[in-house]
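Peer 1: Place chain B on chain A using the hints.
Here are the chains, one letter per residue:
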Amino acid sequence: MTAKKLKYYVTGILALALAFFVFVVPFLFIIVNALKDKPEAALLHFSLPTETHLWDNLVAVVEARDYMLITAFINSIILTVVAVTGLVVFGAMVGFVLQRRPSRWSGLINFMVLAGLIMPPAVVPTIWLLQWLGLFKTLSGLILIEIAYSLSFSVLLFRAFIATIPRELDEAAILEGAGPFTLFFRIVLPLLKPVAVTVIVVQSVAIFNDFTNPLYYLPGAKNATVQLTLFNFQSMFNTSYNLLFMNILIITIPPLIMFLFFNRQIVEGMTAGAVKG
Amino acid sequence: MTTLGKKGSRRGLAAAYPTWFYLPAAIIFGVLFLFPTFASLFFSLTRWTLFQYSFIGLANFRQFFSEPFLVWGLVNTLIYAVVTSGSKVVLGMLLGILLTSNVMVRGLLRAIVFFPVLVSTIGVGITFTMLMHPTNGLINDVVAVFGLKGPAWLTDPRFALMSVAFVDVWKGVGLATVIYIAGIVSIPAEYYEAAKMDGANALQRFWNITLPLARPATVTVIILSLIGGLRSFDLIWAMTKGGPGFTTDVVASVIYKQYQAGFYGLSTAGNVVLFVLVAAIVVPLSFALNRKEVEA
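Chains A and B supply the protein sequences, listed in that same order.
If you want this note's numbering, it's the position in the first sequence, counting the first as 1, plus 1046.
If you want this note's numbering, it's the position in the second sequence, counting the first as 1, plus 41.
These are calculated hints, taken from the structure and not from any lab test.
Treat the hints with care, since some could be wrong.
Okay, derived cross-link-like pairs now, DSSO-like style, lysine-lysine, Cα gap no bigger than 30 Å in a straight line [what the hints assert, rightly or not]:
id : chain 1 : residue 1 : chain 2 : residue 2
1  : B       : 237       : A       : 1084
2  : A       : 1183      : B       : 282
3  : A       : 1051      : B       : 237
4  : B       : 237       : A       : 1053
5  : B       : 282       : A       : 1268
6  : A       : 1050      : B       : 237
7  : A       : 1084      : B       : 190
8  : B       : 190       : B       : 282
9  : A       : 1084      : A       : 1268
10 : A       : 1268      : A       : 1183
Just chain A, same shape as in the assembly (with noise of 0.2 Å):
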């Protein structure tokens, strides 16, 4: 017994070091050169500031290029908001009938809904097509990118959940008189509740931190999303390593909040399909 404890003890132990040394420090080195003058962080060195400048530091990521942090946010954040509700009303709405009517049309649909999880997008025929539309570097086009490339996850999730909500409930609507809108946005859509949590927590964070699509449709220093602030900052702060550390210290708080509050929403979100009953 006795020796069980003292397995206990040292294994617990010795995991918890490791996972410090290998996934805390490295957040840590980010904190403690966040708050340094620029000589001294430029030393790159994982030790405590010999004088904090927190709110120097802020103030000053907060006004360079004019501001262009608080512009990259505001952008971010419509462009988050905007495309995260359209991957769960359209999601959903494939979902439902995809789940419900199965139809000659189905065996395509959902070999889409794989294409769409699998293949990468043809980047250059975009955003010729985007500049035919006259969309390219435009929000509203990156929001309908985001849409395009999400849509597979949001639906397969979906449908899996609507699978488990009775038929019996439809049947009800129907004879009460619900026509198919009012039958999926009244009775259907409030009960998708907790998948729509997970799609929209997994989503928010995927969209927020993505890089690639805005360096892709959205170039150009005006429209700027957070990431790609971070890229311009990069050459820009070449020696001021301690407003780098603060610029990336401060795009992690919101996907921090979102892990600090849905936690488990974003696992269930993201082992879905690992374990096939």
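Peer 2: Structure of chain B alone, referenced to chain A:
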């Protein structure tokens, strides 16, 4: 069942679940994803300025498989995908087993391992570029404690690709771990108890129970991380931009570089190569892995 069944069932279904519900999603997906994909098959055969094109047959593809810097991209993509995917399977499974066992502060450990998944890839890339600095970086400071001299992780061509792959695993192993946790938790505890009764040791229990029954998790981790690895771009771009030389270029970074240089036809050919690569690896593999599962 009764109201929608038998009599007039088709009309009932059509009325309650209208096809036009597909429409918004179908338009967005069809126009912005499918159409460019088909268009890429054509434009990959052209020299293209976005305003005009001239048909040049397979010249772009011939260039892709003969120019050393493009071939590098292809080879590196394969190495990177296999290394990151393999590491995530092994480490994810080990962590999954540890974090489903009766270990101290299990919840905290799970959170710590998972959190990097949610952090900006670019932020992680920049941070590790600093940590891997050859003379000032924290990693080589630690190596020096053991009396060794660490290499220039990101600027030495022998190490650069593997260094980026390491960071990819660092950031992504949390996802593999939670997938394994979900898979391992779903294995009935009776199997382990029965095996213990029969005197199976920990290694035997792992080999005969955990490994085969966590197979769906393994398949998911392999497929997900291969897709991610083959398409990987942002981490490489944040850390090395394909350098030194072309030693960390992958197909996705070649596509971006050729696009920036204005070689739109060649860039699109790279995209077609990437489709084929992803489809040719992932589709047969998922068929093979899922079939075996049914047989077992």
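Peer 1: State for each hint whether it applies.
Peer 2: Here's how the hints hold up against the structure:
Between residue 237 of chain B and residue 1084 of chain A the alpha-carbon distance is near 60 Å, which puts this suggested pair outside the 30 Å criterion. Restraint check: the Cα-Cα separation between residue 1183 of chain A and residue 282 of chain B comes to about 23 Å, which is no more than 30 Å; the hinted pair holds. Between residue 1051 of chain A and residue 237 of chain B the alpha-carbon distance is near 20 Å, which keeps this suggested pair within the 30 Å criterion. For the proposed pair residue 237 of chain B and residue 1053 of chain A, the alpha carbon gap of about 19 Å is at most 30 Å, so the pair holds.
For the suggested pair residue 282 of chain B and residue 1268 of chain A, the alpha carbons sit about 23 Å apart, so the restraint of at most 30 Å is met. Only pairs whose Cα atoms come within 30 Å are accepted, and residue 1050 of chain A paired with residue 237 of chain B is accepted, the gap being roughly 17 Å. Of the supplied pair hints, the one linking residue 1084 of chain A and residue 190 of chain B holds, its CA atoms being roughly 28 Å apart against a limit of 30 Å. Restraint check: the Cα-Cα separation between residue 190 of chain B and residue 282 of chain B comes to about 25 Å, which is no more than 30 Å; the hinted pair holds.
A C-alpha spacing of about 27 Å is found between residue 1084 of chain A and residue 1268 of chain A, which places the hinted pair at or below 30 Å, so the restraint holds. Pair hint residue 1268 of chain A plus residue 1183 of chain A holds up; C-alpha atoms about 10 Å apart against a cutoff of 30 Å.
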